[in-house]
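*Asks:* One letter stands for each residue in the lines below.
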Amino acid sequence: MGQTVLEMIGIKKSFSGIYALSGIDFSLEQGEVHALLGENGAGKSTLIKVLGGIYQPDEGTIKIQGKEVKINGVPAARENGIGIIHQEIVLVPYLTVAQNLFLGREIKTKLGTINMAETNRKAKEMIASLGVKIREDAMVEDLTIAQQQMVEIVKAVSFNANIIVMDEPTSSLSNEEVEQLFEIIENLKKKKVSIIYISHRMEELFRISDRVTVIRDGHYVGTKKTSETNPNELVAMMVGRDLESFYARDYCDMEKAEVALSVKNLSNDKNFQDISFEVHRGEILGFAGLVGAGRSEIMETIFGAHPATSGQVFLNGKEVHFKNPMQAIKAGIALVPEDRKKQGLVLGNSVAFNMTLASLHFYMNGIAISEKKREAVIDEYTKKLRLKAASPEIEAGSLSGGNQQKVVLGKWLATKPDVLILDEPTRGVDVNAKYEIYTTINELAKQGIAIIMVSSELPEIINMCDNVCVVRAGRLVGKLTKDELTQEEIMKYAAGGVE
Amino acid sequence: MSESKKKNVLLNNPVVNVFRSNIGIVMVLIIMCVIISFATDKFLTPTNIISVLRQISINTYIALGMTLVIILGHIDLSVGAIVAMSGTLTVGFIVNQGLPIWLAIVLGIVLGAVTGLLSGFIVSQFKVPAFIITMAMMNVANGIAYVYSGGQSTRITDAFFINIGTGYLFKVIPLPVVYMIVLIAIFAFLLNKTKFGTYIYAIGGNREAARLSGVPIKKVEIVVFTLSGLLSAFAGLVLCSRMYSGQPSVGSGYELDAIAACVLGGTSMAGGKGRISGTVFGAIVIGIISNGLNLIGVSSYWQLIIKGLIIACAVLLDVQKGKLGKLKKKKVEK
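Those protein sequences? They're chains V and H, same order as listed. Per this note's numbering, the first sequence starts with residue 1, numbered consecutively. Per this note's numbering, the second sequence starts with residue 500, numbered consecutively.
Simulated from the structure, these hints should not be mistaken for lab results. Note that the coordinates shown come from a computational prediction; the quantities given were computed from them, not determined experimentally. Certain hints may be false.
[Stated by the list, open to error] Here are some of the chain V residues that sit facing chain H, going by a computed Cβ distance under 7 angstroms:
#, residue
1, A305
2, M326
3, I329
4, P337
5, L345
6, G366
7, I367
[Said to hold, decoys possible] Which chain H residues stay away from chain V? Per the calculated CB distances, all over 12 angstroms, these:
#, residue
8, F518
9, L602
10, R654
11, I661
12, I663
13, L668
14, L689
15, I702
16, L711
17, V714
18, I716
19, Q802
20, I804
21, G807
22, L815
[Said to hold, decoys possible] Derived CB-CB ranges, DEER-like:
#, chain 1, residue 1, chain 2, residue 2, range
23, H, D540, V, K383, 56 to 66 angstroms
24, H, R654, V, N365, 46 to 56 angstroms
25, H, V605, V, H361, 29 to 39 angstroms
26, H, Y645, V, I145, 45 to 55 angstroms
27, V, H361, H, I685, 20 to 30 angstroms
28, V, Y94, H, C812, 34 to 44 angstroms
29, H, Q624, V, E371, 46 to 56 angstroms
30, V, L95, H, L815, 17 to 27 angstroms
31, H, I685, V, D217, 52 to 62 angstroms
32, H, P628, V, D250, 45 to 55 angstroms
Ideal Cβ placement from N, Cα and C applies to all residues, glycine included.
When you get a sec, could you build the whole thing from the sequences and use the hints?
*Replies:* In structure tokens:
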């Protein structure tokens, strides 16, 4: 195509000595849509933050129009013509579209007041030039998410951005809205704007992008012309790594085991419909799918944290109706939630406090909590999980991600569950802690606990699970057994490649 | 190794721990005591110390409940009005309605508890900010006190009733101080040793994590606000007894003194953090400010200014401490 507008060469960035990016190369040509593809945690957002001036790279160079530049802040990124459309929209809801577009650079009259007429006129021009159909005097709060996103794009272009990054732009759009977005992207291409497009959705990448670069674990894997590749090849590039030895799993015979939890036609109108599955004692049942497919909501509903609109849940053969998590916990279900900082831990309190919070009913001595019983449990799980904390009294928030996750795991094991639901059990933890968590999960399965593992990390699903349910857009679209499990197969279901 | 062991022995001593964990406010307290005792020799006498303890007792009852409310992440502005309402009505029930004393007392306390329960119910059920709803309750309770009494104070001379607030244990310790010590013990136990206390910290620290951990959030919230109302009503009872009368105007300002005691004692307004011992020290500091300034002969108008400044400084110190803590953490991470 045209000339190269952006070159990132050998970009390295580490946090606390761990490389999030270890030598990424990326280039962008004029008027090109270049997709950036990788699993969660592969380093996509870190790379974008380096480009946007939010992070400074440890090593590597960034060239724009062939000239080496230093992007040492968000304003510098803007000066270099880089505009980033984040997943979270940052517009002021109670101002009009025009006011938002000119926020911080208002057009003034001679008296120093804002010249609304001129503001509106210019805004209208800007909006029309991209073929967007939004009124310039509409309140932002009245717009749909898709429309707000388009305002963001107009805003970026109005700052003379010739490189626009779109971070999962379609994640909350309807099909029709996606079409509108694609039209705008085509318009941008005609204006010689280059676009870095981040998305998981294969079909979109193949429709809209010219080239695809895959990164994995902070490493550059490769760049392909979209016309010369196929979904399977890309998926293989995204996930392909030999980690068999990493996952400790002793399989057992599932035929003889009793069903621990069985779910029939469970629905929650807003989030998911008609979910049915069962999990046996000693089984690890995986839940694969894209982020936002509704997996966490399904689990939280089983756990009594959200109401179900219809359907049944059976625990050890008996039908149960949990109105709140306490009832589920007492019946023997535990849920290690997805977001350990927001949902898992009281960060300002001690490790001991957190580890025993869900199981206090076991340590009561009359109305007082028996410190002895409590300490015994803390000791037990500190050892079992190889938790590295200076003392049980230190703040949970001061631990590393891996150790925090172990505290959450300990907290739920202390409730002595029959069914353990793990939602993204290894998100944001280092390799070592990952290995230890896998080992623990395997031990638990061997003890006869039924385990449900929600995960977006395919290697973990494939290497740890006996059976896998794939969820897409709130529906169970596939059930795969151990023998059918391949990354390509799961991705095809999850991204909607097969129907 | 041996040094760390020594440190551990010290750390495990509960008395040392109480002082150590409240080191900031204890320092303020000591400095104040030193300054005041240089200025006047009437300060460090047994009589005066007992008098200070009696003066702080009423604020302490209220502040104990307030501590729970603030750790929970809420606030209760209705406490002062409940003091006035319960006190005025209890005295009125005895003097005007001729109810038996025990019944009047029970009714007064139940009234306070129900007011708190109502606030707690609305806060937990409808997610109305506690600031707003307890402010509304404050007006209602104040109004009830004025409507019932017609704005007049009611004198009471019943010996048993008067003894509640003015009597002594062993002829030395004022009864209000005895109640205070008992209540401190109960609430320290409640907060530190029971499931209920642990749940309060969990809700204030991270509501969502608490919910997913099976903490019955609504129940805990309702009980905490009920306790706050109950303690305020009790404070109203003791106050009226000490004043030989029920006065509808006595309650104002108590909510602020109670909040000040909590904040001085290191309770975080954001919730999740705080200690009963800290609040008690906070109440002592506030009591000593008034007492010391009185002894030195500072006018009560100036006392307001000085009290305000001391509270502002203490809280500033606390915020700075928090910031330092965060800085340290960042350094560790990098």
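*Asks:* Run every hint past the structure and note whether it holds.
*Replies:* Hints versus structure:
| no. | hint | in the structure |
| --- | --- | --- |
| 1 | A305 | 6 angstroms, holds |
| 2 | M326 | 4 angstroms, holds |
| 3 | I329 | 4 angstroms, holds |
| 4 | P337 | 6 angstroms, holds |
| 5 | L345 | 6 angstroms, holds |
| 6 | G366 | 10 angstroms, violated |
| 7 | I367 | 6 angstroms, holds |
| 8 | F518 | 17 angstroms, holds |
| 9 | L602 | 29 angstroms, holds |
| 10 | R654 | 42 angstroms, holds |
| 11 | I661 | 35 angstroms, holds |
| 12 | I663 | 28 angstroms, holds |
| 13 | L668 | 27 angstroms, holds |
| 14 | L689 | 9 angstroms, violated |
| 15 | I702 | 9 angstroms, violated |
| 16 | L711 | 5 angstroms, violated |
| 17 | V714 | 8 angstroms, violated |
| 18 | I716 | 9 angstroms, violated |
| 19 | Q802 | 35 angstroms, holds |
| 20 | I804 | 34 angstroms, holds |
| 21 | G807 | 29 angstroms, holds |
| 22 | L815 | 20 angstroms, holds |
| 23 | D540/H with K383/V: 56 to 66 angstroms | 60 angstroms, holds |
| 24 | R654/H with N365/V: 46 to 56 angstroms | 49 angstroms, holds |
| 25 | V605/H with H361/V: 29 to 39 angstroms | 33 angstroms, holds |
| 26 | Y645/H with I145/V: 45 to 55 angstroms | 52 angstroms, holds |
| 27 | H361/V with I685/H: 20 to 30 angstroms | 22 angstroms, holds |
| 28 | Y94/V with C812/H: 34 to 44 angstroms | 38 angstroms, holds |
| 29 | Q624/H with E371/V: 46 to 56 angstroms | 35 angstroms, violated |
| 30 | L95/V with L815/H: 17 to 27 angstroms | 35 angstroms, violated |
| 31 | I685/H with D217/V: 52 to 62 angstroms | 56 angstroms, holds |
| 32 | P628/H with D250/V: 45 to 55 angstroms | 53 angstroms, holds |
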